[in-house]
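Colleague: Top line first, the protein sequences correspond to chains A and B.
First residue of the first sequence? That's 138 in this note's numbering, and the numbers climb one at a time after it.
First residue of the second sequence? That's 8 in this note's numbering, and the numbers climb one at a time after it.
Keep in mind the hints are simulated off the structure, nothing from the lab.
Don't take every hint at face value.
[Said to hold, decoys possible] Under the rule of at most 25 Å between Cα atoms (straight-line distance), these lysine to any residue pairs were calculated in the SDA-like manner: (1) A:Lys245 <-> A:Leu199; (2) A:Lys167 <-> B:Pro94; (3) A:Lys167 <-> B:Gly160; (4) B:Lys161 <-> A:Glu164; (5) B:Lys161 <-> A:Gly316; (6) A:Lys272 <-> A:Pro317; (7) A:Lys167 <-> B:Pro92; (8) A:Lys245 <-> A:Glu209; (9) B:Lys126 <-> A:Glu209; (10) A:Lys167 <-> B:Glu78.
[What the hints assert, rightly or not] Partial chain B-side listing against chain A, Cβ under 10 Å, derived: (11) Asp55; (12) Val62; (13) Phe77; (14) Thr104; (15) Asp111; (16) Cys156; (17) Cys165; (18) Glu174.
Given the structure is predicted, the values throughout are model-derived calculations rather than measurements.
Just so it is clear, CB atoms sit at the ideal spot from N, CA and C, and this is done for glycine as well.
If you want the building blocks of each chain, they are given just below.
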Amino acid sequence: MRLLIHVWLTAAQSIAAVLAARAQPLEATKSILVLPPLQWNASASSWHYAVLPDPNQVAPLLGGLRFGMTPEQVGEHLPDRSSALHWDDLPEAKEFSQDVRYVWLPMKDAETLLGQVKSCFGDQSSVALLFFNKKMFRVSWRFLPDATCTDPSSAAEGLYAAFVPIAAVVAVSVHYATGPAEVVDVTGPDAGPLTAVRWQMRSR
Amino acid sequence: MRDWAICPAALLPALLFVCPAAWSAPQTFDLGSYSAPPVVNRGEKPLDCTVTYLVQDVATNETYAARMLFEPPPDAVVGQSGRTPCPGMMPPTVGETALAGCRDHAARPSDCVFADMNKKFPASPSVDNTSDITSRCVSDHASQIAIACLNSGKRDVCNVGCGDEPETALQAARHRCEAIHGATCNITGSVPVEAP
């Protein structure tokens, strides 16, 4: 009898799984992110970027910040800072094995870095600016939900879509989830192995 | 006399003057009403051909469009459709480069696959179960490239279609997806093959 119940439950679970897979929402739009176009030679043996990559492309999206800026230079661009930023005062970013430091600010106070953010995000969302060798190499937007914005994924996707058309020789952009956070990292082209390191959200 | 033979172009003004056709030409020209001359395609150097691939990051379900531009051969002329001819054969390196564009953004290189997926893909989500050829649309045959997907748990399973309108490309992608995977493919999107 117990075996019969087990078989019946397994079958029911399988049917439920199939039905769930088939019960798609009515219609959903899939965003298509556009990579920088490539120009090939006639024999299709080599390519170059169709539009010459321009390091100046990224500064307007970063509110005037540029990769390679010192903490002091970055501090001049940040809102409401009563004191200057110095490398020695910055906390360590623990996700890196190298000596990487960071400064963070609440996303709602980072207006100049939110030009491409059109949708809602939770109050706990933040922007981190990361430094190696006293130079900024990454801007990391960390979108979190809250009661007023239960799904900040549209905000993250919109921001990410603005960086994807920029060639990787100018900026490397990634979008990923960690816990409830949606993260968009934009890293300078000279970051080397630091580029692959991703932030992992720890429970608070 | 030998000089005229060497430079026949020098005779042109004189020929025009004595030619009856030149006499019948209008004496005055209203250039104001011809501000935009009609575009003449025949004999013009064609624009580049665009081959657009759709590639997918299976870890994030993000879809990327990789546009590849090809200069037409020197003797190519725009066809009757007004479209630049594209290369008949596409070397695998072009598709590999499209995947590389996705890999610039992916956590692992193996996360990037072509967006047209076969029946085995849901069970074995690797690039081997996707197709380079059917994941691309070429600008001499289509204006739009579309994707249609179903979500099998956490992963989008997709196929690609080409067409001259977003609707026809979407319909082609959707039919292909539903025929291959036997389920409703109602997660859809499209982009122009050529850059706007």
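Colleague: List in ascending order the numbers of the hints, as given earlier, that are violated by the structure.
Modeller: 2, 6, 7, 9, 10, 18
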